[in-house]
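Sequences are here, hints too, so could you generate the full structure?
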Amino acid sequence: MKKIFNLNNAKGGAAVTLICIRDNTKQGWGKINKEGNIEFFVPKDINDSLRDELIIKAFSELLKIKAGQIEIFSGRQDRMIVTILGVNSDQVDLVISTLK
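Numbering-wise, this note's numbering comes out as the position in the sequence shown, counting from 1, plus 410.
Keep in mind that the hints are not guaranteed to be accurate.
Claimed, not checked - Here are the simulated DMTMM-like pairs of lysine to aspartate or glutamate, each with C-alpha atoms no more than 25 angstroms apart in a straight line:
#	residue 1	residue 2
1	441	481
2	454	503
3	454	433
Simulated from the structure, these hints should not be mistaken for lab results. Note that the structure is predicted; figures quoted are calculated from it, not measured.
See the structure below:
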């Protein structure tokens with residue numbers, strides 16, 4: 411089934427690139443790699459739907475926003491773009507900079 415993306419009529423938002431790293435022991439935030447992508451650890455055997463839920467929950471908690479403000483555009487090999495509505499890129503940069 412083709413995933414339908416709901417690009418809401420955003421008046422403000424930000425987007426980040428994220429790479430999921432499948433691992434048996436680590437889960438959650440990694441670092442920002444040399445290409446500028448955020449690393450996020452997920453269980454090796456997790457399906458894409460649960461992976462996306464973990465990412466949305468983590469961003470929601472980190473940015474203190476509702477999960478509905480976050481949308482994931484998945485790509486190949488666990489690479490994705492995460493859009494975040496209702497915040498600006500400076501706000502996201504400030505919070506994400508703690509991962510460096």
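Does residue 433 lie within 25 angstroms of residue 454 when you go C-alpha to C-alpha? Holds: residue 454 and residue 433 sit about 5 angstroms apart, inside 25 angstroms.
Hint check: residue 454 vs residue 503, CA-CA at most 25 angstroms. Holds or violated? violated (28 angstroms)
With a cut-off of 25 angstroms on the C-alpha distance, tell me whether residue 441 and residue 481 pass. holds (21 angstroms)
Comparing the model with each earlier hint shows a violation of hint 2 alone; every other hint is respected.
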